[in-house]
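**Q** The lines below spell out each chain.
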Amino acid sequence: MPSDSKRITGPETTIPYHYYLSDFSRKPDFKDPKVGERKNGRLPNEHRPVFLKTGVNSQAKGSAYLEYENTKVICSVFDPREIPNKNEFSPMGELYCEFKFAPFSCIKRRGHIRDAEEKELSFSLRRALEPAVCRHEFPNFQVDIYVYILDSDGSDLAAAITCASLALADASVPMYDLVTAVSVGICRHLQFVDPTNEEEQLCKKTASAESIDPQAVITLTYMSTLEQVSEFTISGTIGVCHLEDKIPALIKHCNAIYPLLQQCLIKNVKKSLGKKKYS
Amino acid sequence: MASVLLNDAEKTFILHGVEVDLRCDGRRRGDYRPMELETDVVSTASGSARLRLANTDILVGVKTEIDVPYPENPEEGKLEFFVDCSANATPAFEGRGGEDLANEISSRLSRAYQSLPLAPLCIVPKQACWKLYVDILILECGGNFYDAISLAVKAALFNTRVPQVTGSFLDGGSVDLEVSDDPFQCWRLDITKAPVLVTLSKIGDNCVVDPTAEEETCSVASIVVAVLDSGSLTAVIKIGEGSVHEQTLIETIKTAQKIGVELNSSLMTALNQEESLGPKRQRFGFLK
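Chains as they are written, first to last, in UniProt numbering: chain A, 1 to 279; chain B, 1 to 288.
Note that these hints are calculated values from the structure, not bench results. Heads up, a few of these hints could be off.
[To be verified] Straight-line Cα separation of at most 25 Å, DSS-like style, residue types lysine-lysine; simulated pairs: (1) A:Lys61 <-> A:Lys119; (2) B:Lys254 <-> A:Lys204; (3) B:Lys193 <-> A:Lys246; (4) A:Lys108 <-> B:Lys126; (5) A:Lys246 <-> B:Lys258; (6) B:Lys126 <-> A:Lys204; (7) B:Lys193 <-> B:Lys131; (8) A:Lys53 <-> A:Lys204; (9) B:Lys254 <-> A:Lys119; (10) B:Lys193 <-> B:Lys78; (11) A:Lys252 <-> B:Lys254; (12) A:Lys61 <-> A:Lys271.
Please construct the entire structure, taking both the sequences and the accompanying hints into account.
**A** What follows is the structure in structure tokens.
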């Protein structure tokens with residue numbers, strides 16, 4: 001792995017002090033949370049409040065900011081440009097997605113160079129957005145999409161996908177549909193829609209090897225008008241029977257977020273039309 | 001993926017074939033191509049396997065080394081995947097050409113393998129653990145990487161022998177390990193929690209198992225499902241540029257799960273069969 005020699009990095013190996021806290025190594029107590037009760041008073045199938053804003057970056061063609069309480073994401077989309085280092089003609093335009101955590105966004109400090117997890121999330125982001133963009137409209141060009149997680153408190157991928165789709169629309173990149181994404185965490189009989197970091201950890205911590213209880217985080221990306229699933233990821237272990245009813249439930253949540261994106265974009269258009277009237 | 005050039009007529013031919021449940025090579029939609037699997041093909045690796053699935057050729061080598069556990073999981077070992085898309089396979093992989101695909105496969109694999117318990121790989125908590133480097137070499141592309149790679153990886157892990165640690169001494173904060181010098185004194189990994197990946201490519205209105213490179217070109221979206229022995233899923237991955245309908249997704253996952261369970265059991269049968277031939281079995285290697 002080539003390292004960026006021009007940047008002053010922190011010390012080579014440091015460990016966040018959180019790992020030494022007495023309750024860190026404690027195995028989560030499954031009897032503790034009751035069904036229908038979450039730490040922050042939410043219902044199991046309640047999404048956090050959504051805040052959306054477009055046009056946050058004046059230098060980018062389009063940009064968006066999204067907030068699910070403590071999960072804060074900013075995304076910029078830049079003008080199509082020629083695909084660098086490519087000789088042959090590509091009939092479809094390309095999306096270049098970069099998913100990056102701010103160094104201070106997680107418990108553990110993130111490096112400036114993208115790590116394996118960030119690369120994987122970049123792939124998922126690209127797979128989620130590709131079906132929604134009319135890529136044949138800009139052959140041989142690529143659109144750069146940069147997603148930056150400013151503060152991570154669970155559902156990062158879902159937040160990033162929704163934010164990127166809003167930014168793409170704001171950048172007037174031709175699209176078939178807006179995409180929205182929602183995550184759900186499953187741990188035994190508990191489910192957490194739009195999990196926070198703590199809930200995600202609970203769902204990811206592998207229980208005893210013999211258990212067949214479902215434990216997973218599922219992220220689903222949906223195009224509401226086209227009724228198509230554009231990306232679907234699972235991490236964890238889950239049986240098919242548990243999956244069957246989660247997919248329609250997730251789609252319902254995606255459909256609920258969809259009008260918020262539309263409203264945000266309409267408000268934007270109205271605002272810019274209003275400005276024109278007076279200038 | 002390394003793409004094959006096909007014209008519209010050829011694509012339509014494949015599409016119509018899939019529609020009537022008869023594919024170009026005479027298979028039905030749910031059939032796999034014949035596979036050849038051999039383990040213990042590399043003498044310098046702790047475990048290795050070579051899998052040939054029609055025209056897809058995969059070589060996997062596992063190396064065991066000693067490392068310090070991650071501070072967040074002090075009682076677990078480490079497992080890492082590296083994929084090398086050799087330019088032998090297609091000229092498109094030359095230089096850094098195969099890097100994107102390699103990164104994608106290795107990150108997806110490590111996600112699917114999260115179910116494998118790593119606690120047995122710990123030697124001294126917080127101090128020393130085994131790290132397994134799983135190096136995957138793609139020698140020839142004939143479609144369906146994910147399935148072929150996952151089978152080869154599982155076989156190589158089955159074949160892996162981790163040396164026995166006979167003693168460990170804590171000397172002023174640093175650990176001294178004593179590894180048994182008898183090469184036969186070693187233990188094997190429990191791979192019941194290792195998944196196999198099943199790819200289903202959507203061609204037209206139907207899904208096909210084990211797509212060839214030509215069929216992959218005709219498909220806009222594929223679903224890869226990681227299935228355990230028990231039938232549980234550890235990962236679902238969508239590859240390709242297209243999207244799928246909700247119902248298709250559910251149906252595909254269900255089909256893939258059924259196939260995955262069968263695939264797991266036939267892989268284990270084959271591995272046990274090879275094992276029962278003993279250490280003096282005839283080795284074929286690459287000269288077949």
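**Q** It remains to establish, for every hint, whether it holds in the given structure.
**A** These are the hints, each one checked on the structure:
Between Lys61 of chain A and Lys119 of chain A the CA atoms are separated by roughly 24 Å; this keeps the pair inside 25 Å, and the hint holds. Between Lys254 of chain B and Lys204 of chain A the alpha-carbon distance is near 23 Å, which keeps this suggested pair within the 25 Å criterion. With a C-alpha separation of about 24 Å, the suggested pairing of Lys193 of chain B with Lys246 of chain A holds against the 25 Å cut-off. This hinted pair checks out: Lys108 of chain A and Lys126 of chain B have alpha carbons roughly 18 Å apart, not beyond 25 Å.
In summary, the hint linking Lys246 of chain A to Lys258 of chain B is supported, as the alpha carbons are separated by about 20 Å, within the 25 Å threshold. Taking the CA atoms of Lys126 of chain B and Lys204 of chain A, the gap is about 21 Å. The hint holds against a cut of 25 Å. This hinted pair checks out: Lys193 of chain B and Lys131 of chain B have alpha carbons roughly 18 Å apart, not beyond 25 Å. Proposed proximity of Lys53 of chain A and Lys204 of chain A is contradicted: the alpha carbons are some 31 Å apart, above 25 Å.
Of the pairs offered as hints, the one joining Lys254 of chain B and Lys119 of chain A is violated, with about 29 Å between alpha carbons and a cut-off of 25 Å exceeded. Simply put, Lys193 of chain B and Lys78 of chain B have alpha-carbon atoms about 15 Å apart, close enough for the 25 Å limit, and the pair holds. Between the alpha carbons of Lys252 of chain A and Lys254 of chain B the distance comes to roughly 21 Å, so the proposed pair stays at or under 25 Å and holds. At most 25 Å may separate the alpha-carbon atoms for a hinted pair to count; Lys61 of chain A and Lys271 of chain A meet this at roughly 17 Å.
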